[in-house]
Amino acid sequence: MSADKRLYLGVPVERPKAAFFDFTSCEGCQLQMLNNEATLLDFLSLLDIVNFREAMSERSDDYEIAFVEGSISRADEVERLKKIRAQAKILVAVGSCACFGGVNQLKNRFGDLDWVKREVYGSNPVDSTEVRPVSAFVTVDLKIYGCPVKKEEVEVIVTNLVLGKSIVHPSYPVCMECKANHNICLFDLGEPCLGPITRAGCDSWCPSNRMGCWGCRGPAEVANVEQLREIMLKHGFSEEEMIDRLECFGGFSTYLSELK
Amino acid sequence: MKISCDIKVDHLTRVEGHGNIRIKIRNGRVEQARWDVVETPRFFEAMLVGKKWNNAPWICARICGICSIGHTLASIRAIENGFGIKPSEQTSVLRLLLKHMETLQSHLLHLYFLAAPDFLNVGSVMPLIESHPEVVKRAARLKQLANDACDVIGGRRLHPTRTVVGGFTMLPEKSQLSSLKKRMQAAVPDLTATVELFQTFTLPDFERETEFVSLKGDERYPFIGGGLISTDQVEMEEHDYLKMTNEFVVDHSTSKWSRLSRQSFAVGALARLNNNFSFLHPEAREVAEGFSLAPVNNNPFMNNIAQLVECVHVVMDSISLIDNLLDREWTEVRQPVCPRAGLGVGALEVPRGILYHAYEFDNAGRIIKADCVIPTSQNNANIHYDIFELAQQSASRGKSDGEIQHLAEMLVRAYDPCISCSVH
Amino acid sequence: MDKLPFVDLMAEKNRYHRRGDLSAFEYTCQAEITNVYSLTETEKLYQIQLIDREERRRFTFKPGQFVMLELPGIGEAPFSISSSPARHGNIELCIRAVGNLTKFLARVPRGTRVGISGPFGTSFPVKEMRGSDVLLIGGGLGLIPLRAPIFAILENRSAYKDIDIIYGARKSSELLFTYQYDMWRQFDINLDIIVEQADEDWDGAEGLITRILEKRCAASDLSKNTYAIVCGPPIMFRFVCDMLIKAHLPVRRIFVSLERRMHCGRGKCCRCNIGSTYTCLEGPVFDYWSVMNLKEAI
Amino acid sequence: MIFRVFDKDQLQRLYDVLAVNHIVGPVCKGVNQNSAPLYDFDFVKTFSELKLDYSSTIHSLKRFVLPPRETLCTFELGDDNWRKRLDFNVHEPIVFFGLHACDINGLNKLDKVLNSVVYPDPYYVAKRKNMFIIGVNCSPQPFCFCRSMGSDSALHGFDMFFTSLGDEYFVEILSATAFEYISAIKSREPNERDHARFKEASEEKINNFTCHVDTTDLTKILDLEFQAEVWKTWGERCLSCGTCASVCPTCYCYGIHENVNLDLQGAEKIKQLYSCNLIDFAQVAGGHNFRPESHVRLKYRYYHKHRGFVEAFEESLCVGCGRCGESCLAGITVPEVIASVRGLER
Ligand SMILES: Cc1cc2nc3c(=O)[nH]c(=O)nc-3n(C[C@H](O)[C@H](O)[C@H](O)COP(=O)(O)OP(=O)(O)OC[C@H]3O[C@@H](n4cnc5c(N)ncnc54)[C@H](O)[C@@H]3O)c2cc1C
Ligand code: SF4
Ligand code: SF4
Ligand code: SF4
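Quick mapping for you: the protein sequence lines, in order, are chains A, B, C and D.
By the working numbering, the letter at position 36 of the first sequence is numbered 36, and the numbering carries on one by one without gaps.
In short: position in the second sequence from 1, add 1000, done, that's the working numbering.
In short: position in the third sequence from 1, add 2000, done, that's the working numbering.
In short: position in the fourth sequence from 1, add 3000, done, that's the working numbering.
Simulated from the structure, these hints should not be mistaken for lab results.
Misleading hints may appear alongside valid ones.
Said to hold, decoys possible - Keeping only pairs whose Cα atoms sit at most 20 Å apart, straight-line, the calculated SDA-like set for lysine to any residue is:
hint : chain 1 : residue 1 : chain 2 : residue 2
1    : D       : 3232      : D       : 3289
2    : B       : 1137      : A       : 42
3    : C       : 2103      : D       : 3264
4    : B       : 1052      : A       : 168
5    : D       : 3232      : A       : 225
6    : A       : 5         : D       : 3264
7    : C       : 2127      : C       : 2187
8    : D       : 3029      : A       : 239
9    : B       : 1052      : A       : 233
10   : C       : 2215      : C       : 2189
11   : D       : 3205      : D       : 3150
12   : C       : 2062      : C       : 2282
13   : B       : 1052      : B       : 1343
14   : A       : 17        : B       : 1126
15   : D       : 3084      : C       : 2029
16   : C       : 2003      : D       : 3064
17   : B       : 1181      : B       : 1141
18   : C       : 2103      : A       : 168
19   : B       : 1052      : A       : 239
20   : C       : 2171      : C       : 2115
21   : C       : 2044      : C       : 2115
22   : A       : 234       : A       : 209
23   : D       : 3029      : B       : 1126
24   : D       : 3205      : D       : 3052
25   : D       : 3029      : A       : 188
26   : C       : 2127      : C       : 2189
27   : D       : 3129      : C       : 2024
28   : C       : 2171      : C       : 2193
29   : D       : 3029      : B       : 1173
30   : D       : 3051      : D       : 3064
31   : C       : 2103      : D       : 3256
32   : B       : 1052      : A       : 240
33   : B       : 1181      : B       : 1052
34   : D       : 3029      : A       : 190
35   : B       : 1216      : B       : 1126
36   : D       : 3084      : D       : 3268
37   : B       : 1243      : B       : 1369
Take these sequences, add in the hints, and give me the full structure.
Encoded structure:
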């Protein structure tokens, strides 16, 4: 592929060198990028991918955009992350793990890291720290939310990034999209849902499949958690069930400390 | 005769997760040949402790980005076994269909995007976009079919949303199923072309006698639950999985190792095929025979071919599963769940081999203890010993450093390891 | 029985979708950016010419009105026309690069085609103001919508009595249209400029607009024969208008231009709605009486 | 107005006659926790799916005239030029079978804005012009207050309207097409007794309303109570989720965004229905938000519906269907909010 210069409305559009990096994660978000079969080739023509360990052996450390997946849970990861930050002009945190710690941060809830290690590895020493989001160590220029990220959203974001358009996440909660999809509200069907407080953008992926939202995209700009708590209780769901969901992906950690 | 060499591969590419290869040959003797998993561990088993049962499938999907459906279904099966729920036939068929599509998706990803570049002497699929556009497009077409099918049945190709304990949150439209079936039938030429492509590749000639472990088929090629079997004639019940896996911790790897009758064993497509050859769909068997693949095959590189055979098998089988579904009236979607104390084990064949989830519950259905045994961790020891043997044989044949490294990388890739999975 | 007949609005030439009606929904006429001048760090002046001659000739607007400018795939937003109404479809827009569209616009070269629709909205009644004193008060970007009425007044200068322009900005580097001040003064206009924070280069007045306005209010009786036009940030509105009212300027002779979020400019999207008043239809120019009746207007 | 009466067993025949067209009507989408059926408007494939005795639908039929997301146009980009392509996104007429009076009135109200003299919205109008509307009478639900809003009976805006008289339907016919369709089934002229039964049915419906809103002087009261504390109490509950506007038959506000295609050769402009309760509704470039607080946004929704629209059109923009209150998880309902603003305890 040639790095031909293209114009959009007379404005030159560079094909930026991009690299993908993974930290503590399931690497599913990277895979979502490859899961764009129908549009993969167009997607690849927007970016000059120079480093993508899961998919290619060629690697280069000359890149402008770094897509970082995964949370940080070891000292060597912090070092690697800082190197990436130093190189990249734009650092994009991809997915709930990178943005909030993701499911991985569930281990933090025990407070006792030694117990956690013993539970899984017995007496063998393993190197692992508290799980933190990428933004705990370096400046993050852009977040792509979701567990997993939604490929349609990734495509729009990357196009906007390449064009230099501003990237605006929906500020409203999932309910808005759920209603647009004409779903029956899960509360009516006897299921709990975090849709009213979770940032939209997933097109109500879970509720549209009759799975109540677990808040993977973190709080909407207004997240009336206190009211949702009342709604949960009114519909017969325990505080435990609500907390299970709130703490699942790490996005609501500040609210949780208030609740608990 | 090879005198000396030092091979260090840090963060092997085109595999899921982080692993290193080390080979050190001195005076023709292999001093060291290692497979180290350096992935950061995630402690899923600890995370689950104290969580209600319904969290487990949702959280466990996140163990792996490639086989999230497998983890979800294994988790669901463990819970259902623990609570004494028997899925309805409709649910079982739908789950198997979903499982098949994940197998197809994952095998295709491995065959085309991760393994094929080695045989075509390129570093990744990227150069193939220009040099072999028809190959890339075919790969994309087939993979899209598999992924679309996962969307339709599981709600989402990655971290499924419709699969729950007791059944599904909602069912696909029958019209969606019949259009999937049509697409599968139309995909057969693409599969044939894939087979033909792999026939042009020369697989390295390497063998090491290995014990292969898999689920045991009784009426069909096994994917979900059932007995456990090894090529060394060990047979076990699903809930006795611990005796089959015997996990232990080694210090140079964040993933655990396993052993059974020998110092290591292998799981995966080749293991399934070695143990269940007779249950393959006739067309899949034909493909296997075309590659002279018959049980028990001890060449780990043949795992690629076993995956290819399984691609054919799952597509053929899915067509008949869809027929089965189209013929029936949709009944209940989801059974009620009554938690109870006790242990539940679920064993599943995921693309990379046999996967176990086991949970111990209290009366309220909270998890007291969790255990997940991942195929790649069962394979790690075997990969390690394979590398040693490969280094030995290569050294005696006087291969160059570059060749040895290339072979070793290909060997690891042939297992299609899922490393982040293995250090869940 | 037969199927119901299909009414094809696309096919019909009708009032809903009239080609050549620059304000019909989604009819955007193409225009070319013929020149771009940087006025300050963030504001640029764009000279824009409607491509079609006929459309250019027919494009008429009143001072205070705005157009919607569209860049395909980037966005569409309202901008006050800042040029003389006499120039028809050769318009000037002065635009601050603040967000998505405006920042992209700052990057496009001369010759780029944009979409223009409009004009929309109400205007400053400059005709009605003939024979009177006019006070034009602008803060920051507020000078942009004042420029069209200024042009209109200049072109008919003798019809008006005293004209005062009071213009304030935060810093001297943020002052807009500096190159025109001399020309305005030549037309016998009192131009008072004030900046909030003076720097070395600034030897003019320092402080808030109200400082100058206070003097002006004291200088003559505003209750009889004076009109005021006020444009600026919300906070300025309140202070300036309060002062004018205290000086007995009748509320119906104070005109303000309100800014609200707008997506359609045609009274449909509700974004500019205050109660049920659409700032795009009933505004952006309001007399102060109407503003007093709009809760939360400024 | 022309009236007819026909036997209910003729309904299927009428359906079949109409079924050469697409038919949208109330269908059952499932049951809630208490096994009560949940209805919504959707395309009807067979007569048996059509549930004319439905209580109320979750969503209004708005999506057929104002889809939640609609592509307004696409752009093709050339080297130094571009073209815009429009489509009003309607290609066939649709029969709406079984609308209650409130929804018909809702459309009539939308017409006032969207099919107005200045700048009519062609996307809306195109869909409106391709509707054939069959109304059906309803029985008041515990949450609907259409009578208070003057929307409990539809005077225009339909082709025919059915009122159930036991085994028969009493039909009001407003269009020639409707007359043709009715002529295709067995019907008769109504007699005195039918008139009486029709009036009885109307009477009975009126008596069955349990939910009311006092609209006396409401515009003035809303102005007087602009700073009332109760708004804050409601604001604390509001989730700013936009559900109320989404299900409302008359909320029409929207936002626009444009996307460039991945190949950079084209673009599209998308309209998305919005809600004035969403946090950034009144936020302008540069970040200033005219309504940053939940209660202020909530209040403005009421101001637009119950004050501003009344000033402009002498009727409220609320039809009293009660959907927003039913869907609001926080339990914010119009009758309660208005009562509280009036200072009444409920
Ligand atoms: C009647 C009127 C006249 C205006 N005249 C001028 C002018 O002459 N010069 C000038 O620099 N600015 C003017 N503005 C403000 C200008 O419209 C905004 O700066 C512009 O919308 C910002 O768009 P953006 O895409 O760069 O910003 P973003 O913040 O990225 O906004 C995204 C979208 O939101 C909408 N939006 C955001 N803010 C506003 C806003 N304040 N008004 C309307 N829509 C908004 C637009 O649709 C915009 O495309 C005027 C606004 C109004 C209402
Ligand atoms: S299902 Fe969830 S997202 Fe959808 S409306 Fe109900 S609460 Fe909101
Ligand atoms: S509905 Fe909630 S959990 Fe599901 S994808 Fe959207 S934000 Fe994530
Ligand atoms: S009033 Fe209810 S439905 Fe409307 S935004 Fe507030 S919480 Fe959502």
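Query raised in the report: Holds or violated: residue 1052 of chain B with residue 239 of chain A, Cα cutoff 20 Å?
Result: Given pair residue 1052 of chain B, residue 239 of chain A holds - Cα atoms ~12 Å apart, limit 20 Å.
Query - Hinted pair residue 1052 of chain B and residue 1343 of chain B, Cα distance within 20 Å - result: 14 Å, holds
Query raised in the report: For the pair supplied as a hint, residue 234 of chain A and residue 209 of chain A, is the alpha-carbon distance within the 20 Å limit?
Result: With Cα atoms ~23 Å apart, residue 234 of chain A and residue 209 of chain A exceed 20 Å; violated.
Query raised in the report: Does the structure keep residue 3232 of chain D and residue 225 of chain A at a Cα separation of 20 Å or less?
Result: 17 Å, holds
**Report entry** Restraint check for residue 1181 of chain B with residue 1052 of chain B, where alpha carbons must lie at most 20 Å apart
**Finding:** The hint is violated at about 37 Å.
Requested in this report: Sort out whether residue 2189 of chain C lies within 20 Å of residue 2127 of chain C, counting only the CA atoms.
Outcome: 18 Å, holds
**Report entry** Satisfaction of hint between residue 3064 of chain D and residue 3051 of chain D, Cα-Cα up to 20 Å
**Finding:** Distance ~19 Å between residue 3051 of chain D and residue 3064 of chain D Cα, so the pair holds.
**Report entry** 20 Å Cα cutoff - pair residue 3029 of chain D, residue 1126 of chain B
**Finding:** Not satisfied, since the Cα-Cα distance of roughly 47 Å exceeds 20 Å.
Query raised in the report: For the pair supplied as a hint, residue 1052 of chain B and residue 168 of chain A, is the alpha-carbon distance within the 20 Å limit?
Result: Given pair residue 1052 of chain B, residue 168 of chain A is violated - Cα atoms ~36 Å apart, limit 20 Å.
**Report entry** Straight-line alpha-carbon gap residue 5 of chain A to residue 3264 of chain D, limit 20 Å
**Finding:** Holds, at about 12 Å.
Query raised in the report: Can the restraint linking residue 1243 of chain B and residue 1369 of chain B be considered satisfied, given a maximum Cα separation of 20 Å?
Result: 18 Å, holds
**Report entry** Pair hint residue 2044 of chain C and residue 2115 of chain C, alpha-carbon separation not exceeding 20 Å
**Finding:** 18 Å, holds
In terms of the numbered hints stated before, the structure departs from hints 4, 8, 20, 22, 23, 33 and 35, listed from lowest to highest.
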